[in-house]
Amino acid sequence: MMGTWPSRLVFACFGLFLAAPLAVVAGVAVNEKKSLTFPPEGFSLSWFGEIFANPEWFSALLASVGVAASASVLAVLIALPIAWFLWRWHAPFARIVQVLGLAPFILPPVITALGFLAFWSELGLYGEPWTVVISHGIFFVTLPLVTLTLGFDAIDGALVEAAATMGADEKTVLRTIVFPLIRPYIVSGLAFAFVLSLNEYIVAYMVVGFTVETLPIKIFNALRYGYTPTMAAVSILFVAVAAAVFGLIARFGDLPRLMGAWSPRDE
Amino acid sequence: MSKPSPRRLADYAPIAFPAGMLLAFFVVPFGIMIAISFYHRVQGGFYEPAFEFANYERFLTAFFGGVLGFSLGLSSLVAVVAVLLAFPFTWLLVRQRRQVQVIWLVFLLSVLSLSEVIIGFAWSTLFSKTAGITNLFVALGLMDQAVSLYPSFGAVLAGMVYQAFPYTVLVLYPALSRLDPTLVEAARTLGASPFRAFFNVIVPSLRNTILATIIMVFVFALGSYLLPQLLGRPQQWTLSVLITDQAIYQSNMPFASAMAVFLVLVSLGLVGLSLLFGQREKA
Numbered sequence: 001m002m003g004t005w006p007s008r009l010v011f012a013c014f015g016l017f018l019a020a021p022l023a024v025v026a027g028v029a030v031n032e033k034k035s036l037t038f039p040p041e042g043f044s045l046s047w048f049g050e051i052f053a054n055p056e057w058f059s060a061l062l063a064s065v066g067v068a069a070s071a072s073v074l075a076v077l078i079a080l081p082i083a084w085f086l087w088r089w090h091a092p093f094a095r096i097v098q099v100l101g102l103a104p105f106i107l108p109p110v111i112t113a114l115g116f117l118a119f120w121s122e123l124g125l126y127g128e129p130w131t132v133v134i135s136h137g138i139f140f141v142t143l144p145l146v147t148l149t150l151g152f153d154a155i156d157g158a159l160v161e162a163a164a165t166m167g168a169d170e171k172t173v174l175r176t177i178v179f180p181l182i183r184p185y186i187v188s189g190l191a192f193a194f195v196l197s198l199n200e201y202i203v204a205y206m207v208v209g210f211t212v213e214t215l216p217i218k219i220f221n222a223l224r225y226g227y228t229p230t231m232a233a234v235s236i237l238f239v240a241v242a243a244a245v246f247g248l249i250a251r252f253g254d255l256p257r258l259m260g261a262w263s264p265r266d267e
Numbered sequence: 001m002s003k004p005s006p007r008r009l010a011d012y013a014p015i016a017f018p019a020g021m022l023l024a025f026f027v028v029p030f031g032i033m034i035a036i037s038f039y040h041r042v043q044g045g046f047y048e049p050a051f052e053f054a055n056y057e058r059f060l061t062a063f064f065g066g067v068l069g070f071s072l073g074l075s076s077l078v079a080v081v082a083v084l085l086a087f088p089f090t091w092l093l094v095r096q097r098r099q100v101q102v103i104w105l106v107f108l109l110s111v112l113s114l115s116e117v118i119i120g121f122a123w124s125t126l127f128s129k130t131a132g133i134t135n136l137f138v139a140l141g142l143m144d145q146a147v148s149l150y151p152s153f154g155a156v157l158a159g160m161v162y163q164a165f166p167y168t169v170l171v172l173y174p175a176l177s178r179l180d181p182t183l184v185e186a187a188r189t190l191g192a193s194p195f196r197a198f199f200n201v202i203v204p205s206l207r208n209t210i211l212a213t214i215i216m217v218f219v220f221a222l223g224s225y226l227l228p229q230l231l232g233r234p235q236q237w238t239l240s241v242l243i244t245d246q247a248i249y250q251s252n253m254p255f256a257s258a259m260a261v262f263l264v265l266v267s268l269g270l271v272g273l274s275l276l277f278g279q280r281e282k283a
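Listed in order, the protein sequences are those of chains A and B.
Counting in my numbering, the first sequence tops out at residue 267, every number present.
Counting in my numbering, the second sequence tops out at residue 283, every number present.
Isolated chain A, as found in the complex (with noise of 0.2 Å):
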């Protein structure tokens, strides 16, 4: 094995290519002055307060928040049973399923977004705010159906058959046994989802872009005008909030297994 002087090297480098641009975004977010210069003169937290306290900057957040809590909800409804079904019925063409609720985030963004688009329009319903819900609902269904097949595996098939042995009907199996065991996996995939919504871009932009204005779309409009440093305000929030919602699936889950570190069939 390699020492661990290099190694921590290595880390060290590839943590500052990753913290340098936050880094910097993190330093103009708390300049005094409405510039763009680093390092910051002077220091001020205003720019974070304007997040609140400029209306439009303000009903960009509670668009985006709204959009992707009822988004990443959506997205566990439909892989919640796909997830579950798959576990409990030997069903092939169940797996088609599966492959479409992978599919929109295996191919690039802009396919989905475009399809959006065209069926919006299509059904005359094209800038309806809540048509972006439906939209990233669909987009994101992959990261709740990954983490619940992870957990539908991981459920010991012996606590089952001993809760049906005692008598347990499925109704019962279902509320006392498997929902316990699945719920960390539908927290993170609801988590997931959230943040990854909170984030989105080409697909709001597609269907809602004239109508509602998320965070990400907010932030592009107003790069086109210049520079303001609430948008470097707007990104350390971000990163703080995906940083805190991971550290939570860390803290209370298995983030390794979670991304694949091992799986139980491995045992």
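Each hint should be verified, as a subset may be incorrect.
To be verified - Okay, the calculated bits of chain A under chain B, using three or more residues with CB under 8 Å as the criterion: (1) 20–29; (2) 110–116.
Stated by the list, open to error - Here are the computed distance ranges between Cβ atoms for each label pair: (3) Thr-61(B) x Pro-6(A): 43 to 53 Å; (4) Phe-199(B) x Asn-54(A): 36 to 46 Å; (5) Gln-145(B) x Pro-55(A): 34 to 44 Å; (6) Gln-43(B) x Val-73(A): 35 to 45 Å; (7) Leu-62(A) x Gln-235(B): 35 to 45 Å.
I should point out that these hints are in silico values taken from the structure, not numbers from a laboratory.
Quick caveat: nothing in here was measured; it's all calculated off a predicted structure.
Backbone N, C-alpha and C fix where the C-beta goes; we use that ideal spot for every residue, glycine too.
Fit chain B to the given chain A structure using the hints.
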């Protein structure tokens, strides 16, 4: 324990909702897009049903060929650079203590989930004249005065590698963390240096995983849409940008759809190829 097959119609009920949703909101939109790609464009931003290949014939123009060639070339370069960087990194990561791995995973996921808008904005700030990295070089005496490093091809490449790096690590992570540790131990016992063990044992035994990962990252990079716009010049715009431009600003849905269908075929073909490589490794 072998699972039973569904017997009664009621057994199928739970999957009806997700299947219906995916059918209505993923398969149908896809079908509409394919249909529109054969429609006839009418001036003024509309189109009418038709069955013509005019939109696909535009692929033969030099302009489209240029954009396509550039997109494919850029995505290949991003994929190769990202895998070259991520493979040794992931190999070191999976041998760290669990605690260290978890911290890195949280960090990587946080960067991966960042909006392309934010990544583009962050790199444009890092490459800017007033707040950028060149100020650091000036302070260190490496440069005479600060300059702006974007828009440029290098800036697009840096931004896209940055975006692809966490994805690449997470694609490689399962394969590398499940790799049999005795392989390296055996090589080391037989007297190989850590570097020789890495290049002569680890890399060859994961050749198919590496190929499959390069393809996955290539498809991921094809989807990059904002970075070429925020960090590059119009010459560096990719197929994703062109599709959006045609759909939204030129109101030419038929041509945008034709390009999207083409992109689907390329992506599906490549994903199929990567699954094939991945499968071979397991056998």
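If any of the earlier hints don't hold here, list their numbers in rising order.
4
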